[in-house]
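Residue numbers (this note's numbering), protein chains in the order written: chain A, 1 to 257; chain B, 1001 to 1400; chain C, 2001 to 2484.
Accuracy of the hints is not assured; some may be wrong.
Unchecked claim - Dumping the calculated SDA-like pairs for lysine to any residue here, alpha-carbon to alpha-carbon at most 20 angstroms: (1) B:1392 to C:2110; (2) B:1392 to A:115; (3) B:1270 to B:1294; (4) B:1392 to A:173; (5) B:1392 to C:2063; (6) B:1250 to B:1159; (7) B:1101 to C:2426; (8) B:1392 to A:57; (9) A:135 to C:2110; (10) B:1392 to C:2463; (11) B:1250 to B:1007; (12) B:1273 to B:1255; (13) B:1273 to B:1285.
It is worth saying that the hints were derived from the structure and are not from the lab.
These figures come from a predicted structure and were not determined experimentally.
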Amino acid sequence: MTEIHNPILDVQGLEKHFGGITAIGGLDMRVGEGITGLIGPNGAGKTTFFNCVTGALTPDAGRVEFADGDITGKRPSAVAQEGLVRTFQIPRELPEMTVRENLQLAPRGQSGERLTQAWLRGDEFATDEVRVREKATEMAEFLEIDHVLDAKAGTLSGGQRKLLELARVLLTEPDMILLDEPLAGVNPTLEQKILDRIHDLESQGYSFLFIEHDIDVIMETCERVVVMHQGQVLTSGEPADVKSDDRVIEAYLGEEV
Amino acid sequence: MASAGLLDALLQGLITGMIIAAGALGLSLIYSIAEVPNFAHGDMITIGAYLALALNKPGAIPFVPEFGGLPLIAAGVLGVAVAGSTGAIYEVAIFRRFRSKGADLITMVIVSLGLALVLRNVVLFLVGSGNINYDTERVTNTNVELYLTGNGLSVQTVQRQAGDLVTLGEWGYGWLSLLAIVVVAAAVGVGVYRWRSDDASFETVHLVSPRVFGVASGIVALAALATVLQGAPHTIDAAVWSTSVGVSIKYGVIIGLTLVTMLAMNLLLKGTKTGRAMRATADNMALAEIRGVNINRVQLVVWVLAALLTALAGVLTGWFASNLNPNMGFSLLLPIFAAVIMGGITSPYGAVLASLIIGVSMDVGVFLLPAEFATYRTAIAFVILIGVLLVKPEGLWGDV
Amino acid sequence: MALADFFISLLTFVTIYSLFGLGLNVKFGFTGLIDFGHVAYFMIGAYVTVFVAMPAGLSETYEGLTGLGLATAFAGVPGGDLLGWLVALVVGMAAAALVSLLVGIPTIRLREDYLAITALGIATILNAVFHNERWLFNGAFGIREVHEPLSGVFPIGTGSFQLNLLLFGLPSVAILGYAAYRTAKVVRPLGVRPALLGTGATLALAGSVVFVITTMTGLVVDLGVLALNVDNTIAFVLLVGSVVAGRAALTETDHIGALLALASALLFTLWYLGQPLVALVADGETADLLLNLFWLYDATAGSAGGLDYDRFFFLFTLAFLVGAYLWVERTVNSPYGRVLRAVREDESVPEALGKPTFRYKIQSLMFGSALAGAAGGLWAANIGFIDPTQFASTVTFFAYTAVIIGGTANNRGVVLGTAVFWVINSGTRFLDDFFPSEYAQQLAALRLILIGALLIVILYYRPEGMLGEQDYDINLGRGGASDD
Ligand SMILES: Nc1ncnc2c1ncn2[C@@H]1O[C@H](COP(=O)(O)OP(=O)(O)OP(=O)(O)O)[C@@H](O)[C@H]1O
Ligand SMILES: [Mg+2]
């Protein structure tokens, strides 16, 4: 196990139970800068881990620190404002709003989102909104959903919803992004584009924690991999080491890899 | 003369709770299986009560042909039965259609609100807004007066007949027999509980939970012993403490009927194929459908059952209060919702228990609070509900 | 009563309830909060406004808290009582918002159905408190000492009959003319023949309905009496019908809608102007014609005629409605409104993107409640007497029905839906004339049965309401390009 010396995300003793089921049982994880992969079999607790870290669920025990601040039990909006944002594994588009509005919703710190600004409309109001519109359009073009900008999000295809989900999170421009299988169902060319973009963003200083079942993608993209199994961290380290780890092969990858 | 006290309020509350329970049981079925937060539930109660009225006192309703009227028992049974078919109408004509369109919770709430508006005004239209009551024998209250004296407990039953107080019976218990009654009854209760839960492995589905069995046998034992061990009355002049509890045959009927109904519901839910289908649907409608459960049939059964239960509650309320009015159901709606949410929506048994708690709190609360708060009886149910929601939004008992 | 007077009073109601509905739309339409206790804020707005404006010791039968007398506090300034009343209204709105804050903090996090039932419960309890506690606001006896702002000033006029006629009559006719112009614009592309056909068919239909009703009931024989009793309400039904159909025609360019619009507009005109014309020809009676044509002008008010208080008050409430409409439009057409709608669609999304949804929901609740409070203040001044029975839960349910009929999350839809609702509920009162008076209650119940059924039918066949959700456009003003 490689040690992370200055983790951005530091989780200790995390526990989450659903009735009798232990989804997360005393999990410790430290995530540093760059792109970290998170893998594990179905039901390993990866999504639940995201939920607990971002405040969508309140953990039963444990402590979550982000950028040296304690964020345990904070509301999701507070966590997001600290700079830690997540995507949903099953996309949650806002069906009655247009794709454009779905995107424009995302950027943080819009002055027009304050009630007083919405009423009084000071100088910032217009400049902020113009900026938000440009960014939204640019992101839509990048993810190739610009032709459906004015469609209701409820009419999108499954893959387009995935892209919308990803686009929204990228638009918040956080410090760290938790991606829950962002590539599942996305076509191969676009998949490569997204991965390139993730690398791009990484070089700009963003960090990623990235759930993905495709081990090859993980091998190519991540500097480090964490393997979860039955609510705990099985192991972590360089992708190559992890891939050849016996326990990982037994629990997750199977023989033929 | 002893005056009414806490014990009287408790008994009153129990009756209130029983009536709420009949409504709450139906609502919890609709809520969990049909997934409709049914705001028409109160008005379904009113409809049930007035259906019985139409048969019992046809002259009171302009559009019903005068035919003399049935005795309340027959009218009640028939009225409840007819009400059951109205439940089928609600399901087939309204809720099934909305379900097949995949209507969300908000829509269902508003639809049920529209239904409530229709039902209440149907009553107003046909009968008018006045107070009215069933044509049936007057039931006289009997006061059971308890006196605690140096020698033990003395009991007097008193009734007001033609303006005069008449003592019907008088008997007493010595300290020893009192102690014996309590101890034996408790022992019987605990014993039965042990015996019932003994053979329980994890999978056993109890038709009646051991706890309920235990409490019931305890109460039966208490009543039996109290009858057997009656002794001579003590002089009550030197009573240290006394209280009077009003009882009437109505109490027995209400408690008996609701208990029987609950038992029947219990049998249905746990012992029959339909019941299993209902529970599967409550768990996960989509999954149940895949597994071959006929959802439409299940929902039909649910609405009919709920309508039967509400009608029962309506007839009992109208008879107990000797008063029917178009608002009677709506004023029960809040306590019923309170009970169902408090009991945890998916649990009919939780709803029943919560109903009793709410009924008792309402009446005991009114008794304990200064007189000017008596008008806030419903508010008490509500304060409890809000308290529960704030502390434990999933209800007190979750799934059972 | 001339048709115009009936109109003014009905329109004042519609205006006030539209304001109430706008508040509900903020909560329910744009934020998705099912506040079944909306009427509580209407009640609080009414009571607090009255209480703050009301001078002490006006009446011996009032045993509630002593009023703050703001209406007389500014007596020195011209229009001081209006100023005092406005302050009172603002206090009323603030009180409504504040109470909704207190209610919202514990309940707004709850599931939507739990919120609905708790809000209903709280409103019911509040109503019971206002009903039972005489020391508070006189309990069930209500308050008669309601200040009606500027009521002393009216009727106003110039002192010259001709000048008054010009001053108030001209805009009246101009407005009627404009309405006719708009109707014509709807109908123009149709050509004459289908228009005439449509009109004929509608006339025949309306005639046969009247015929059937009269012969069936056998209660009304004298057609003259019939016309007098029926005209007011039928006319209003027709007017709203034409507006509705005209809207439909505008939005969907369907010819049937346009035909209906033309037909009902024609019928309305016939009724509105024809019936007083008949009176003029038959009896030389001019008053009704004058009133209907110059509807803002009341020739009988004062010595030389002028603007009476009822007409003024209608314009006054209308001004409030327009103001509130613009205010709500500004709110929802902004990034703020975008977050509100996101909360409505799926609260977890804006929350995950860093928007504190709790705060948004509370603010929406308070804003909507403040608007309900303003409606309450106007309601009190319009009725002149308030008691708790005016604020039963049914008022909330009516507002939901109106909003859903018109189109949830559509501010124009609120106004339209409210108008349609009150046409069904009040406009069909004329049917009462066909039945013995002891059936009044039955008929009221029948109307509500219809409304309940209509609510269900609309939810099933057209859940988006008549107009559907409105479009949004954030106006950036100076050179800011709009959302292309
Ligand atoms: N809300 C919930 N209620 C009950 N159990 C839950 C809930 N959420 C998750 N679980 C359980 O917790 C366990 C972990 O689920 P989780 O969604 O975290 O798995 P995962 O690692 O994301 O799997 P996948 O790769 O399939 O997405 C599972 O057994 C699941 O059934
Ligand atoms: Mg997952």
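Verification of the hints:
Using a Cα cut-off of 20 angstroms, the hinted pair residue 1392 (chain B) and residue 2110 (chain C) holds, with the two alpha carbons roughly 11 angstroms apart. A C-alpha spacing of about 32 angstroms is found between residue 1392 (chain B) and residue 115 (chain A), which places the hinted pair above 20 angstroms, so the restraint is violated. In summary, the hint linking residue 1270 (chain B) to residue 1294 (chain B) is supported, as the alpha carbons are separated by about 18 angstroms, within the 20 angstroms threshold. Of the supplied pair hints, the one linking residue 1392 (chain B) and residue 173 (chain A) is violated, its CA atoms being roughly 37 angstroms apart against a limit of 20 angstroms.
The hinted pair formed by residue 1392 (chain B) and residue 2063 (chain C) fails the criterion: a straight-line CA distance of about 42 angstroms is larger than 20 angstroms. A distance of roughly 15 angstroms separates the Cα atoms of residue 1250 (chain B) and residue 1159 (chain B); the hinted pair therefore holds under the 20 angstroms criterion. As the CA atoms of residue 1101 (chain B) and residue 2426 (chain C) are separated by approximately 33 angstroms, the hinted pair breaks the 20 angstroms bound. The straight-line distance between the Cα atoms of residue 1392 (chain B) and residue 57 (chain A) is roughly 16 angstroms, inside the 20 angstroms bound, and the hint therefore holds.
For the given pair, residue 135 (chain A) sits about 35 angstroms from residue 2110 (chain C) by alpha-carbon distance, which is inconsistent with the 20 angstroms threshold. A hinted pair counts as satisfied when its Cα atoms are at most 20 angstroms apart, and residue 1392 (chain B) with residue 2463 (chain C) does not qualify at roughly 34 angstroms. Restraint check: the Cα-Cα separation between residue 1250 (chain B) and residue 1007 (chain B) comes to about 17 angstroms, which is no more than 20 angstroms; the hinted pair holds. Straight-line distance between C-alpha atoms of residue 1273 (chain B) and residue 1255 (chain B) comes to about 28 angstroms, which puts the hinted pair past the 20 angstroms bound.
Simply put, residue 1273 (chain B) and residue 1285 (chain B) have alpha-carbon atoms about 16 angstroms apart, close enough for the 20 angstroms limit, and the pair holds.
Checked against the numbered hints given earlier, this structure breaks hints 2, 4, 5, 7, 9, 10 and 12; the rest are met.
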